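Asker: Modelling step: build the complete structure from the supplied sequences, incorporating the hints.
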Amino acid sequence: MTVSYRLSEIVAQLGGRVMGDAGVRITQIATLENAQPDQISFLTNSKYRAQLAATKAGAVILAEADADETGLPRIISDNAYAYFAKVSALLNPLPEAKPGIHPSAVIGAGAKIDATASIAATAVIGDGATIGAHSVIGEGCCIGANAIVGSHARLYPRVVIYRDCVIGDNLIAHSGAVIGADGFGFAMDEGRWIKIQQIGRVVIGNDVEIGANTTIDRGALNDTVIEDGVKLDNQIQVAHNVRIGAHTAIAGCVGIAGSTTIGRYCRIGGSAGILGHLHIADHVEIAAFTLIGKSIREAGSYAAIFPFAKSEDWRKNTVHLRHLDDLVKRVKALEQELGSLNLESLKRIP
Amino acid sequence: MTVSYRLSEIVAQLGGRVMGDAGVRITQIATLENAQPDQISFLTNSKYRAQLAATKAGAVILAEADADETGLPRIISDNAYAYFAKVSALLNPLPEAKPGIHPSAVIGAGAKIDATASIAATAVIGDGATIGAHSVIGEGCCIGANAIVGSHARLYPRVVIYRDCVIGDNLIAHSGAVIGADGFGFAMDEGRWIKIQQIGRVVIGNDVEIGANTTIDRGALNDTVIEDGVKLDNQIQVAHNVRIGAHTAIAGCVGIAGSTTIGRYCRIGGSAGILGHLHIADHVEIAAFTLIGKSIREAGSYAAIFPFAKSEDWRKNTVHLRHLDDLVKRVKALEQELGSLNLESLKRIP
Amino acid sequence: MTVSYRLSEIVAQLGGRVMGDAGVRITQIATLENAQPDQISFLTNSKYRAQLAATKAGAVILAEADADETGLPRIISDNAYAYFAKVSALLNPLPEAKPGIHPSAVIGAGAKIDATASIAATAVIGDGATIGAHSVIGEGCCIGANAIVGSHARLYPRVVIYRDCVIGDNLIAHSGAVIGADGFGFAMDEGRWIKIQQIGRVVIGNDVEIGANTTIDRGALNDTVIEDGVKLDNQIQVAHNVRIGAHTAIAGCVGIAGSTTIGRYCRIGGSAGILGHLHIADHVEIAAFTLIGKSIREAGSYAAIFPFAKSEDWRKNTVHLRHLDDLVKRVKALEQELGSLNLESLKRIP
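Protein chains in written order, with numbering that gives the first Met the number 0: chain A, 0 to 349; chain B, 0 to 349; chain C, 0 to 349.
The hints are simulated quantities; they were obtained by calculation from the structure and are not laboratory data. It cannot be assumed that every hint is accurate.
Where chains are identical, the list cannot tell them apart; a pair therefore holds if satisfied intra-copy or between any two copies.
Straight-line distance between alpha carbons at most 30 Å, and here's what the computed DSS-like set of lysine-lysine pairs gives [stated by the list, open to error]:
id: 1; residue 1: 315; residue 2: 331
id: 2; residue 1: 194; residue 2: 331
id: 3; residue 1: 346; residue 2: 328
id: 4; residue 1: 315; residue 2: 194
Remember, predicted model here, so these are calculated numbers, not experimental data.
Answerer: See the structure below:
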């Protein structure tokens, strides 16, 4: 199945305005470099202007400021990148999933599955679970007892949602994601760890995306909460009782320790970490590979990356880190020694 | 199903002593802040004393030293946190799993499944595998050929145990855990990697918990070993031939490279790493985000966290790390220059 | 089933030459320390020579230079470690999988499954997917619509391959691996993230191994590409549009951000990271725990590990990192002050 749209039809749906031939028919999105005459591309970074000049694309999406950079048919938008995202969705509707329950799926007693939902082969829906309208539960997914999944969810194969968790509408969850496993809570008692039962849930808002093999633990006593519009990449670990504020985006391999609260509209780089029981303000950016060990009260950009170097240079410089306190003391001693001297008589005459 | 206990019944089972009304009936545990009159809470950190004063809990668990901090009905215990953990288990028995094999499960030839065990929908038990008494194998779990799982195991959906691995009693394994995949072993031969067959097993003791999406590789020649009482959080990677000593607890996202031995009662923080072929002593604590690159022979606390800062401050300071060796040389040159001077005559008269 | 070979039969298949009794029969590989008389071991590191002297192995594999280090029957090879790897494969053929489709597997319309392939219990093969000759698709694997898996693949239980991905011959993929999930691409639009449809594929060459719970995202517009002979350990995250050059080996927990290109024959240590849109040359080695934030144009070894220490020493030294720029300024001030003085008269007479 190939979808196609004229530029005029695209702007009728998505806004913006056309310059040049609005009748050009578009079937797919592509990079400037690879686009074909039936494809549309975009420019959001001026360093690709040379590619714009050379592109074979049938049309491009441009910001107002770049409107005259090409003679190609073009759509002008205030936010060319977001416009491009919307066109990508228009031209690439998700494969339809047939409503109904595959014969190999296993449905628990009292499960409430909307007639428009699709339950794929070998999926297991627990007792009393709810699956909302138009939701697609992929192959091998396991939805725990009494869990609730809202409408228009798209769960790829082998997602697990533990019992009692509550998910809003429009969830996208990729394969291997695990929502609601026990948080890591133990008390030491006479040389043995005693497990603390994790009786909270995971509660997820609307419009959330969860990457492959990401894990979100259920709360110990209260709930773990993921607010509306949060986007989580692959292999992220969210510990018990974390709260992630609306529209925060987190890149792959990040770990967030227990009971930490992250604000709204934060952006967290790959493999970063946040220790437990901290508060991160709204609109905080955290660089990749950065460990946050204290609360951040102020919006802004934070980092803690150790700079890489050729191994021999790294070794030569890094050895001194173990003696940095000594070095500071040596500098202080030099300052005191010089400070104790009357140097007037030694000043060079300029 | 709601479980409830009077304080008198709790101390009859778990020890400790009651102060105040021992007839108070408790149905659940909760934080001081959120507890209701039919719930019990606890105080183990004096900074929450204000919450103790304000709590609506029906009862609390306190250390001896705090016994008079409230007039609420209370249980006094030497180890209030461990007591709380035990109460959490008492009030929250795991959902019962019906003994028997779900019709959609697939059982290999010669598999020995105890009559009290429960094999959930779509689970697959390999040829010759053994499942012990009262063990629960969750939906979609795959137990490899000739693997042995002891009694009272609780495997959540989609755990994989590869062939020949041996697991003790009381295992808890969360969804997506993979036990016994091949270790990462190759030899370079004329420009190509030749795989070294991984013929060891994973051998796991009693009372071990394994978090969601954690991976424990089988040994190359000998076995990978996880001793009794080890607790592993989510997304931990344990490479081939690692040995983890009894009662060690490891937080999420830690990576442990091949053939490293970790002692007993260690605690390892989130996203830490340990290189291969090292020995870590008993009772070692490793901070989050710390890479251990040499063996640790002495109990104690170790760290290697690069401090975070506002990005502009981080940049300003970090640039000098590439020149630290030069800086040390400059300080040495200053010391030598001053040391070469006869400064007696310049001393200020105090 | 036990396989056994005489040394003479081994060299007939794998080359090298025998010294001593070529009729010794070998059934397994083992370490020098644990080997039994029916087992073969190897020496590639001279620090194990004492173990060679004491081993009970029936035979050993040695380099030419070590040929006279023992009187045991031995195979001499230029590359003893690679030879050992080949013997490990000879003695440990993978368990045979019966060709055919398990009755509990679910096969989509138009799927092309070679008659010699094996589809295990509860596996799901999507519409139009292709499974090549002698490939083994493990329990619970999900192969997406129109995906292509070459010949002689070995997918362990619960591997997911999303729709349209293309895999060469001889793939080994361990449990929980996810190939082809959506890349992490969003555009911010009036306070909301708009998803960019990920329409590229994952394209994987021949002879690739993928570890447990590793994730490789599909491309945004173009494809994500893994070239021939690449070896990926567990829990690696490969973002959209990454290209990994042939015969590169990557240890566990590494994260590679979007659109980065990694050369051939690179070796990347555990938990390292590489930021997006970078180019890494061929034959680059990256140390464990190292973040690469700029392109590397030159082969060689690179590192960025913060050295660990006892926590009190770490704290004492690390506090100065926040003031490194000040320290450099203080050293500069000292140099300028000294430089501004006429010190001739103060020189000590030697």
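Asker: Since the copies are identical, ignore which copy is meant and state whether residue 315 and residue 194 lie within 30 Å (CA to CA) inside a copy, between copies, both or neither.
Answerer: Cα proximity of residue 315 and residue 194: none, with 46 Å in one copy and 36 Å across.
Asker: Indicate which option fits the pair residue 194, residue 331 if close means a Cα-Cα distance not exceeding 30 Å: within, between, both or neither.
Answerer: neither (51 Å within a copy, 55 Å between copies)
Asker: If the cutoff is 30 Å on CA atoms, where do residue 346 and residue 328 land: within, between, both or neither? Let me know, please.
Answerer: Close inside one copy (27 Å) and across copies (21 Å); limit 30 Å.
Asker: Indicate which option fits the pair residue 315, residue 331 if close means a Cα-Cα distance not exceeding 30 Å: within, between, both or neither.
Answerer: Close inside one copy (23 Å) and across copies (16 Å); limit 30 Å.
Hint violations for this structure: numbers 2 and 4, all remaining hints satisfied.
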